[in-house]
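The listed protein sequences correspond, in order, to chains A and B.
Going by my numbering, the first sequence opens with residue 27, and the numbers climb by one from there.
Going by my numbering, the second sequence opens with residue 8, and the numbers climb by one from there.
To be clear, the hints were calculated from the coordinates, so they are not data collected in a lab.
List of simulated lysine to any residue pairs, SDA-like, C-alpha gap at most 25 Å:
no., chain 1, residue 1, chain 2, residue 2
1, A, 322, B, 235
2, A, 322, B, 264
3, A, 335, B, 299
4, B, 255, B, 302
5, B, 300, A, 325
6, A, 367, A, 105
7, B, 300, A, 317
8, A, 335, B, 300
9, A, 335, B, 264
10, B, 300, A, 336
11, B, 164, A, 317
12, B, 237, B, 260
13, A, 298, A, 313
14, A, 298, B, 174
15, B, 206, A, 313
16, A, 335, A, 264
17, A, 347, A, 366
18, A, 335, B, 260
19, A, 282, A, 205
20, B, 209, A, 266
21, A, 298, B, 195
22, A, 181, A, 159
23, A, 298, B, 203
24, A, 322, B, 257
25, A, 342, A, 267
26, B, 209, A, 262
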Amino acid sequence: MIDKIFVTKAAAEYEYSREICKRAGLKPELIRNDTAYREEVERFLPDPVGQGKRHLLLDVFRGGFFRKCPGTKGKVCCNYYVIDQTTNCPFDCSYCFLQSYLNLRAIRFAVNVEDLFRELEDVFRKHRFIRLGTGELADSLALEPLTGFGSKLMKFAIEFPGVVLELKTKSANVENLPDVHGKPGRGVIGWTMEPAHVVSLEERGTASLAERLEASVRAAEMGYGIAFHLDPVVFFPGFEEAYLDLVDQMFSCHKKLDWMSLAGFRYEPSLKGFVETRFPDSELLDGEFLRCSDGKYRYLFPERIHFFKRLVEKVKKLSPKTPVYFCMEDSRTWDLVMGKKALADPVLEPIFSKGGGDEKQGM
Amino acid sequence: MVKYFPIKQLRLDDRFRFHLGELPKNLIRSVSREGVLLPLIAVGEESPVLVDGYRRCALLSDSDVVAVRLLQDERTALLAAVELNMLGSAYSEMEKARLIAVVHENAWMTDREILDILLPRLGFKGGQSVLDACILVAELLQPSLFSVLAARKAPLKFALRLTGEAPDEQQVLANFFSCQRFSLSQMIQAVDLLVPVRKLGKRTFSAIIDELPREEGNALALLRQLRFPKATEIRIRLNSLLAPYRGKLSFPEDMEGDAFQFSCSIKNAKQALDCGRLLQEISEDAGLFQFLKGHVCDD
Chain A
27 MIDKIFVTKA
37 AAEYEYSREI
47 CKRAGLKPEL
57 IRNDTAYREE
67 VERFLPDPVG
77 QGKRHLLLDV
87 FRGGFFRKCP
97 GTKGKVCCNY
107 YVIDQTTNCP
117 FDCSYCFLQS
127 YLNLRAIRFA
137 VNVEDLFREL
147 EDVFRKHRFI
157 RLGTGELADS
167 LALEPLTGFG
177 SKLMKFAIEF
187 PGVVLELKTK
197 SANVENLPDV
207 HGKPGRGVIG
217 WTMEPAHVVS
227 LEERGTASLA
237 ERLEASVRAA
247 EMGYGIAFHL
257 DPVVFFPGFE
267 EAYLDLVDQM
277 FSCHKKLDWM
287 SLAGFRYEPS
297 LKGFVETRFP
307 DSELLDGEFL
317 RCSDGKYRYL
327 FPERIHFFKR
337 LVEKVKKLSP
347 KTPVYFCMED
357 SRTWDLVMGK
367 KALADPVLEP
377 IFSKGGGDEK
387 QGM
Chain B
8 MVKYFPIKQL
18 RLDDRFRFHL
28 GELPKNLIRS
38 VSREGVLLPL
48 IAVGEESPVL
58 VDGYRRCALL
68 SDSDVVAVRL
78 LQDERTALLA
88 AVELNMLGSA
98 YSEMEKARLI
108 AVVHENAWMT
118 DREILDILLP
128 RLGFKGGQSV
138 LDACILVAEL
148 LQPSLFSVLA
158 ARKAPLKFAL
168 RLTGEAPDEQ
178 QVLANFFSCQ
188 RFSLSQMIQA
198 VDLLVPVRKL
208 GKRTFSAIID
218 ELPREEGNAL
228 ALLRQLRFPK
238 ATEIRIRLNS
248 LLAPYRGKLS
258 FPEDMEGDAF
268 QFSCSIKNAK
278 QALDCGRLLQ
288 EISEDAGLFQ
298 FLKGHVCDD
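Let's have the full structure, built from the sequences with the hints guiding it.
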């Protein structure tokens with residue numbers, strides 16, 4: 027998965043860098059900084075996006091690690107907070123926005139995790155409730171066998187009451203996570219779930235659907251809450267039955283999820299070229315799309331609504347207490363699929379609690 | 008060193024004809040009035056090979072004498088030509104791609120030199136992947152398609168995308184673009200439409216294009232109908248519903264809406280009455296409500 031490790035001068039000072047290199051069994055290349063990686067390595071790669079995913083750049087990040095998920099203008103926000111400690115991912119999914127979003131092609135991993143923990147401690151002490159995760163610009167557990175970072179972070183965060191930490195992944199790397207039974211915080215492992223057809227065609231290098239389901243059962247046994255993200259829902263011939271079948275499989279493993287999110291595949295125009303050139307067999311762009319008011323392309327509105335209704339109905343039938351929410355859809359979609367009062371449904375309380383702004387008195 | 012030579016003494020080499028289009032009109036005027044003012048660039052002293060100035064030479068007669076800057080090797084001459092051209096009539100991306108591929112093929116520079124010296128001078132951002140793209144475009148694009156793309160100053164990315172097409176499909180595209188006199192943006196749209204239509208219908212470009220009814224005009228609109236049958240169906244239905252209320256009633260362009268929007272300006276009582284009547288008519292239009300029912304939900 028990782029062919030080469032580059033260590034910046036600053037990161038070389040950290041014991042954590044040595045640990046990672048030892049676990050990977052790779053001799054690191056020392057470089058000046060990330061700019062040097064760009065100029066001396068990335069520039070000479072025939073396939074910078076693909077090859078960069080096999081390069082791990084250990085670096086020191088001096089800025090803030092923690093921020094609110096920006097969401098999308100005009101869409102319903104779910105008050106999620108994100109930690110940007112790692113950027114980029116060894117998995118190669120055709121639909122991944124990181125292909126057109128990142129300006130450094132290696133996986134950049136910040137080894138100064140003590141700085142992150144200090145920053146988080148400050149945040150956690152100020153908030154009664156906060157839902158956060160590391161899966162915005164990276165897969166939270168893809169590199170776990172090398173870095174053990176997910177475990178470190180979970181062990182730290184789980185000691186704070188009111189903290190809900192989600193590690194979002196397409197891997198099955200849960201073995202080394204700590205047991206979290208009886209801890210004051212809540213640990214959640216979230217998986218992107220797709221029918222096997224989509225996994226094999228669009229998600230290179232990821233765990234299979236069966237492996238993800240097995241891993242989710244193991245994680246639940248270790249005391250974790252489970253989240254599944256049907257994001258992106260990809261339309262292909264027979265997709266409706268495939269996704270409904272997937273929901274059956276999910277709820278045959280878990281009676282109730284901590285949450286489940288839904289979102290149809292959407293893309294910025296800049297992603298299209300990457301899909302066409304890097305994934306010639308992809309079926310991702312085969313559907314009918316229309317450009318929406320936010321500039322992104324989405325499947326036809328009636329088709330989305332029609333299918334989401336079927337899907338939500340099925341989830342509600344199988345697991346009425348599982349909170350289901352949309353990622354990056356507007357309130358009209360919510361109304362049409364879930365009913366007018368959906369956003370006020372108490373089942374969604376854990377998702378939409380405005381924990382981020384809810385500062386404790388006197389702190 | 009600059010020397011004077013009659014045009015006929017200069018040896019020509021097609022490898023150095025990088026500019027594919029014609030000279031800009033102001034330069035043609037200038038050459039016809041004043042002759043060639045800026046020395047041409049060539050390599051070799053006894054019988055120099057012309058490296059830069061092919062289009063200007065074409066405007067002169069064999070007996071004309073021109074100033075020629077003689078350089079010792081192709082590498083130096085090419086860099087001088089690039090510098091000169093990037094100041095004035097810069098190369099298009101297709102021309103740059105060909106230039107880079109020729110330099111690579113003739114080993115006038117190492118890959119590293121191309122990345123470090125040539126690409127920046129040509130204003131190309133990127134590294135090895137750009138060099139590889141240039142080589143692929145020069146090697147795999149059929150000459151007819153290359154010419155059509157060069158004439159429209161197509162970006163390297165678009166040309167690279169077409170290198171994946173089989174030679175006969177490239178030929179079909181070149182003919183289609185030429186026949187339709189497509190602009191660059193229309194060519195890109197056409198490929199965006201043709202590729203998925205071919206994939207989903209398991210047909211060739213040629214079969215799809217042959218099936219387009221010629222007498223109905225706009226090829227792109229017809230391709231759009233083939234590519235987006237459901238959206239087309241919705242749009243046609245919507246247009247027929249909106250037609251009686253044109254200018255007053257609308258529906259979001261992206262079809263993301265669950266409501267029609269009515270707007271009108273009222274300047275006097277008569278207009279208010281007219282609007283009222285129209286609203287009444289709209290509220291009784293079963294077609295509009297049938298459309299919404301199917302558009303957002305069946306129940």
